[in-house]
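Assemble the complex: chain A is given as a structure, and chain B must be docked to it using the hints.
As they're listed, the protein sequences go chains A and B. All residue numbers for the first sequence refer to numbering that gives the first Met the number 0, where the first residue is 0 and numbers rise by one. All residue numbers for the second sequence refer to numbering that gives the first Met the number 0, where the first residue is 0 and numbers rise by one.
Hints were generated in silico from the structure; no laboratory data involved. Do not rely on the hints blindly, as some may be mistaken.
Taking lysine to aspartate or glutamate pairs in the EDC-like style, the calculated list, with each CA pair at most 16 Å apart, reads [to be verified]:
1) A:K43 to A:D153
2) A:K193 to A:D207
3) B:K207 to A:E196
4) A:K193 to B:E193
Distance windows between CB atoms, simulated [claimed, not checked]:
5) B:A218 to A:L195: 18 to 24 Å
6) B:L194 to A:E46: 51 to 57 Å
7) A:G204 to B:G228: 41 to 47 Å
8) B:D158 to A:T22: 37 to 43 Å
Every residue gets a Cβ at the ideal spot worked out from N, C-alpha and C, and that includes glycine.
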Amino acid sequence: MSMRSQVYEWDAARTNVSGTEMTTTQFGSALSIFVGGFGNNITKPAETTATQFCVIEDIAVTPSAFTMNAGDIAGGSSYRGLPTGPTTQDSTGIAGPRAYVQIRINTTDYFLDPDNVGNDGVPGTASPYPRSVNFQPCFNLYPDVYVLPGQTWDVRVTAYQSNNYTAGDLSAGDLQCFVKYTLYDGPDALIANKLLEMGISVNPGNVDWYKRTLIQSQGM
Amino acid sequence: MSMRSQVYEWANLSTSGNFMLRRGLNATAVAVPVDREISVFTGQYGNNITKPAETTATQFVVIEDLAASAYVGGAVQVVINTTSYFQNPDVTQQAGVPGTASPYPRGSSDTVTGTATASNVDNGVQLLNAFELTPDVYVLPGQVWDMRYSQSLSNVSADNGALGVTGSTLAVAAFVKYTLYDGPDALIANKLLELGVTVNPNNVDWYKRTLIEQQSAAASAAAAAAAGGAQ
Numbered sequence: 000m001s002m003r004s005q006v007y008e009w010d011a012a013r014t015n016v017s018g019t020e021m022t023t024t025q026f027g028s029a030l031s032i033f034v035g036g037f038g039n040n041i042t043k044p045a046e047t048t049a050t051q052f053c054v055i056e057d058i059a060v061t062p063s064a065f066t067m068n069a070g071d072i073a074g075g076s077s078y079r080g081l082p083t084g085p086t087t088q089d090s091t092g093i094a095g096p097r098a099y100v101q102i103r104i105n106t107t108d109y110f111l112d113p114d115n116v117g118n119d120g121v122p123g124t125a126s127p128y129p130r131s132v133n134f135q136p137c138f139n140l141y142p143d144v145y146v147l148p149g150q151t152w153d154v155r156v157t158a159y160q161s162n163n164y165t166a167g168d169l170s171a172g173d174l175q176c177f178v179k180y181t182l183y184d185g186p187d188a189l190i191a192n193k194l195l196e197m198g199i200s201v202n203p204g205n206v207d208w209y210k211r212t213l214i215q216s217q218g219m
Numbered sequence: 000m001s002m003r004s005q006v007y008e009w010a011n012l013s014t015s016g017n018f019m020l021r022r023g024l025n026a027t028a029v030a031v032p033v034d035r036e037i038s039v040f041t042g043q044y045g046n047n048i049t050k051p052a053e054t055t056a057t058q059f060v061v062i063e064d065l066a067a068s069a070y071v072g073g074a075v076q077v078v079i080n081t082t083s084y085f086q087n088p089d090v091t092q093q094a095g096v097p098g099t100a101s102p103y104p105r106g107s108s109d110t111v112t113g114t115a116t117a118s119n120v121d122n123g124v125q126l127l128n129a130f131e132l133t134p135d136v137y138v139l140p141g142q143v144w145d146m147r148y149s150q151s152l153s154n155v156s157a158d159n160g161a162l163g164v165t166g167s168t169l170a171v172a173a174f175v176k177y178t179l180y181d182g183p184d185a186l187i188a189n190k191l192l193e194l195g196v197t198v199n200p201n202n203v204d205w206y207k208r209t210l211i212e213q214q215s216a217a218a219s220a221a222a223a224a225a226a227g228g229a230q
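For reference, chain A alone in the conformation it holds in the complex (with noise of 0.2 Å):
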């Protein structure tokens, strides 16, 4: 097939290919769901070949809520479901990891704050994986983003909130982030580039309807 919807879901506890659990002293810092070293991982950075157009449809990270902070809930206790810290004392208003997701295309931040400084991207309480009735998004992708043939991508998590968490490697469904995309491949992809270039949004039905117009066009 050469239209594939596809996905990638991260969790901070796997450690397939990785071979290592992320910890409380990664946060902070942003980490490739690809290649960053923890969680799990896949064997390279995420690339489209000179044949391949990549469109990204969705991404959400775990959530996080606003709560009081200092000493007011019980050490080990959480809130909705997301962990307020493993003692009173390190209660600071928020529960979860406080965790944000950006996109990343060779080089380049997607997501900019207001005075052109790249950012963490999108918040989980946002755009939260997964979603659930206390979590709804009040986010979503559009337009999409798009990953041209022979470019480079990554989607990386930052989480801050790390006295959420027992300090040590964190548990599974503690911090986990999801993406969803459309793989363009072949003559598709080079539909898809031609869309771009006519300025029009590139998605399955595009892609058909363009085709459909050439079959047209030759009398078919």
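Frame of chain A; chain B shown alone:
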């Protein structure tokens, strides 16, 4: 890329003092003044950026969504240059969109209660948005824009017994989602504005397609005319 989805999240969290640039590890909630509009960009509470948000001559911003904490009468206002976007019917100042109408995060509660040992600190109500920013808010080239958070009650328990827990400060937040049009797409956005067409990625694409079709038609007509003249 010339059309980009962008987000900005503000929270009253700081690692030292009342504010900090960007974000830091294990920040904690700070007190926010009551009934005072705080710029989420440069208000000197929580995470800030280096300068006010403004568009250059080749940029066009469309603000598509905004949200605020619902807990303590939080609200968020958009200010373009010196003009507040949301006004009372008698054209007087108001706080803006209440967090209860556009809660951040979606699904959060409007109530915070609890004890020093309670594991749940709200009443379990999940608020959804009753407000959508339609039509969007346009920030034209060269304009300065701001998002201002305000709250009608204190987020410090010593001043607000309704918080239910002594000696605590409540974390509050605001969120904005906008699309930044840059370069040629900003020019097209201006053109759409002149035409009275809504500025969104679909319509920018539509305008580009129209231009291409016109150029193709003109090229075809010129070729046909040239062929006719040669006969």
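- Does 18 to 24 Å hold as the CB distance between B:A218 and A:L195, or does it fail? holds (21 Å)
- Message: Assuming the hint says 51 to 57 Å, is it satisfied by the Cβ distance from B:L194 to A:E46 or not?
- Response: For B:L194 and A:E46 the Cβ distance comes to about 40 Å; the hint is violated.
- Going straight from one Cα to the other, do A:K193 and A:D207 come out at no more than 16 Å? Since the Cα atoms of A:K193 and A:D207 sit roughly 13 Å apart, the hinted pair holds (cutoff 16 Å).
- Item | Restraint status (C-alpha distance of B:K207 to A:E196 at most 16 Å) | Roughly 10 Å between the alpha carbons, so the hint for B:K207 and A:E196 holds.
- Message: Check the hint pairing A:K193 with B:E193 against an upper bound of 16 Å on the C-alpha distance.
- Response: violated (29 Å)
- Task: Take the C-alpha atoms of A:K43 and A:D153, compute the straight-line distance between them, and say whether it is at most 16 Å.
- Result: Holds, because 11 Å separates the two Cα atoms, which is no more than 16 Å.
- Task: Could you tell me whether the CB distance from B:D158 to A:T22 stays inside 37 to 43 Å?
- Result: Distance hint for B:D158, A:T22 holds at roughly 39 Å.
- Query: So does A:G204 sit 41 to 47 Å from B:G228, Cβ to Cβ?
  - Reply: holds (42 Å)
Of the numbered hints stated above, those contradicted by the structure are hints 4 and 6, listed in ascending order.
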